Amino acid sequence: MALPSGRISVSGAPREGDSETGMVHEDSATLADETNTGREAAKGGRPVVLQVLPALETGGVERGTVDIAGAVVEAGGTSIIASEGGQLERHLVRAGAVHVRMPLASKNPFVMRRNAGRLARVIEQFDVDIVHARSRAPAWSARRAARRAGCRFVTTFHGTYGFSTPFKRAYNAIMTKGELVIAPSEFIAAHIRDNYGVDPQCLRVIQRGVDLEVFNPARVSPQRVIQLANSWRVPDDLPLVMLPARFSRWKGQALLLQALTRLRDLEFCCILIGADQGRAAYRRELEKLIDRLDLRSRAFVVDQCNDMAAAYMLADVVVSASTEPEAFGRVISEAQAMGRPVVASDHGGMREQVLPRVTAFPFPPGDEVSLAEALRQALRLSTSEREHVSRQAEAHVRANFSKDKMCARTLALYRELLGLETDGEAGVASV
Numbered sequence: 001m002a003l004p005s006g007r008i009s010v011s012g013a014p015r016e017g018d019s020e021t022g023m024v025h026e027d028s029a030t031l032a033d034e035t036n037t038g039r040e041a042a043k044g045g046r047p048v049v050l051q052v053l054p055a056l057e058t059g060g061v062e063r064g065t066v067d068i069a070g071a072v073v074e075a076g077g078t079s080i081i082a083s084e085g086g087q088l089e090r091h092l093v094r095a096g097a098v099h100v101r102m103p104l105a106s107k108n109p110f111v112m113r114r115n116a117g118r119l120a121r122v123i124e125q126f127d128v129d130i131v132h133a134r135s136r137a138p139a140w141s142a143r144r145a146a147r148r149a150g151c152r153f154v155t156t157f158h159g160t161y162g163f164s165t166p167f168k169r170a171y172n173a174i175m176t177k178g179e180l181v182i183a184p185s186e187f188i189a190a191h192i193r194d195n196y197g198v199d200p201q202c203l204r205v206i207q208r209g210v211d212l213e214v215f216n217p218a219r220v221s222p223q224r225v226i227q228l229a230n231s232w233r234v235p236d237d238l239p240l241v242m243l244p245a246r247f248s249r250w251k252g253q254a255l256l257l258q259a260l261t262r263l264r265d266l267e268f269c270c271i272l273i274g275a276d277q278g279r280a281a282y283r284r285e286l287e288k289l290i291d292r293l294d295l296r297s298r299a300f301v302v303d304q305c306n307d308m309a310a311a312y313m314l315a316d317v318v319v320s321a322s323t324e325p326e327a328f329g330r331v332i333s334e335a336q337a338m339g340r341p342v343v344a345s346d347h348g349g350m351r352e353q354v355l356p357r358v359t360a361f362p363f364p365p366g367d368e369v370s371l372a373e374a375l376r377q378a379l380r381l382s383t384s385e386r387e388h389v390s391r392q393a394e395a396h397v398r399a400n401f402s403k404d405k406m407c408a409r410t411l412a413l414y415r416e417l418l419g420l421e422t423d424g425e426a427g428v429a430s431v
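The sequence shown runs 1 to 431 under the working numbering.
Derived from the structure by calculation, the hints contain no laboratory data. Treat the numbers as computed from the prediction; the structure is a model and nothing was measured. Any given hint could be a false lead.
[As the list claims (entries may be wrong)] Taking lysine-lysine pairs in the DSS-like style, the calculated list, with each CA pair at most 27 Å apart, reads:
(1) K168 / K107
(2) K168 / K405
(3) K177 / K107
[Claimed, not checked] Each pair of labels, with its calculated beta carbon distance range:
(4) G197 / H388: 23 to 31 Å
(5) G197 / W250: 50 to 58 Å
(6) T323 / N195: 56 to 64 Å
(7) Q377 / R284: 44 to 52 Å
(8) Y161 / R233: 38 to 46 Å
(9) P200 / T165: 51 to 59 Å
(10) E74 / Y161: 54 to 62 Å
(11) S384 / A280: 40 to 48 Å
(12) R398 / R90: 23 to 31 Å
(13) D265 / D194: 41 to 49 Å
(14) R292 / N216: 38 to 46 Å
(15) Q392 / W250: 23 to 31 Å
Just so it is clear, CB atoms sit at the ideal spot from N, CA and C, and this is done for glycine as well.
Please work from the sequences and hints to get the whole structure.
Here is the structure:
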C-alpha cells in the first residue's frame, strides 16, 4: 500500500531529537566527500547505516539484512532499514534497529521517484552516512537519494537476475552503481565482471553466513525435534529426505519428486518445506504430482517451518535441487552446520560451500537420474560414515561461513567506504 507523499511510518526507538511522528524534512544540499568523513569522525567512528530493500519476508536477502542491522547496532552504530515490512520486522526492532516503512517493492516509476524523496528525508533525519541497497527497484530510489544527500552508496548484487533484453540489463545495472559492490559468492562476482564490466577493484566478495548460535546441534533439544516430528507425522523408523525452499518452480521440488520414483527399492520419507509466497498454484501442482507419481505414502508438502534447526536435526539428508544457479544458497551451509549430508545441484554458489564427496553429493543441475543416484549414496551412508560427514561439515561451516564472519567483513567494508582505519576483522567489531 503506497503511503501518502511525505509521510513515513517509523518503528523502533527513535534517536534523540527525532520526531515522534516519523515525519522528516528533505534537504537537497549535496555534501562533499570530505564532509562525510569529518561528520563520521565527529561521531567517534560510529556510522549510521540505512539498508534499503523491498520487504522483510523470509529469504536470504532479508535474513542477511537483519543480521547486518544487528551487527551495526552491536558495534555501536545506528541501523535503519527501509522496506514495506514483513515477518522479520519484529527482529529488527528487537535488535535495536529502526524500521521505516515505505512502498519500496513498487516498480512504478512515479512511486520510485517519490521513494527517492522519502529516502532523502530519512537520510537527513537520521544523519545517515551509508546507504546500502539490496534490490533493484529500491536501489534506483536509494541512489538518487544518496546522491542528493551526499552520503556513501553501496550495493549487494544478490542474484544473476534476467537480462534477456537491453532494457532488463540496464535495469539490473543499478546494482553495479555502488561505490563498492558486494557479491555474495565468487560465482556472482564473476557474473558481474563478465556481464556488466564492473571494475574488479570495486567488487568485494562477502559470502553469507550462518548463525551458529541457532544452527548448532548441541543447542537443539530432543523435545523440539520430537514436537516437530509429531506435528508433521513423520515416521520415526524411516530415513527423512528434506528439501527446504520457497515454492518456486526453479527450486527443483518437482525434479526431486521425479528422482524419488527411481528409489522405490529404498525405505524413506520425503518432506518439502516452504512458503508459497503467492504461488499457491505451484504448491497444488506439487501435491497433484505426488499423487500422480504414487508417492502419497512417501512424500509430503508442509508449510514454512519456524524452527529450521530442529528440522535439520530431524532430517537424514538435505537436498538443494535448484535448476538455476543460486547466488549462494544458505540452506546448504545451514544443513552442514547441523551436521547433515547435502545433495545439491552442482552449480552457482553451492560449489563454494561444500567439500565434494566429503560433506556433499553434487549432481548435474536438472538431471533426475543423477539426483536419484546421489540420494542413494547419501541414504546408504553407514553410521561411521555419517559421523565423519557430520564432523567435517560442522567444522567446514564454522571455519568459513559463520554469521560473525559475514558481519565482520561487511562492517569492514563500511569502514573502508568511509575512509576509516581497520585492523582486520577483529578491529571491525567497533564500527
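Hints and how they fare:
Pair hint K168 plus K107 holds up; C-alpha atoms about 13 Å apart against a cutoff of 27 Å. Taken as a hint, the K168 and K405 pair is broken in the structure, with Cα atoms around 33 Å apart against an allowance of 27 Å. In summary, the hint linking K177 to K107 is supported, as the alpha carbons are separated by about 18 Å, within the 27 Å threshold. Hint check: G197 to H388, Cβ distance near 45 Å, so the stated range 23 to 31 Å is violated.
As the Cβ distance of G197 to W250 is approximately 27 Å, the hint placing it in 50 to 58 Å is violated. At roughly 20 Å, the beta carbons of T323 and N195 sit outside the given window of 56 to 64 Å. For Q377 and R284, the Cβ-Cβ distance of about 32 Å falls outside the hinted range of 44 to 52 Å, so the restraint is violated. The hinted range of 38 to 46 Å is satisfied by Y161 and R233, whose Cβ atoms lie roughly 40 Å apart.
Range check, P200 to T165: Cβ separation about 26 Å, and the 51 to 59 Å hint is violated. Separated by about 32 Å at the C-beta atoms, E74 and Y161 break the suggested range of 54 to 62 Å. A C-beta distance of roughly 44 Å is found between S384 and A280, which places it inside the suggested range of 40 to 48 Å. Between R398 and R90, the C-beta spacing of about 28 Å keeps the proposed range 23 to 31 Å intact.
Checked against the given bound of 41 to 49 Å, the beta carbons of D265 and D194, roughly 44 Å apart, stay inside it. Hint check: R292 to N216, Cβ distance near 40 Å, so the stated range 38 to 46 Å holds. Checked against the hint of 23 to 31 Å, the pair Q392 and W250 passes, with Cβ atoms roughly 29 Å apart.
Violated hints for the displayed structure, listed by number in ascending order: 2, 4, 5, 6, 7, 9, 10.
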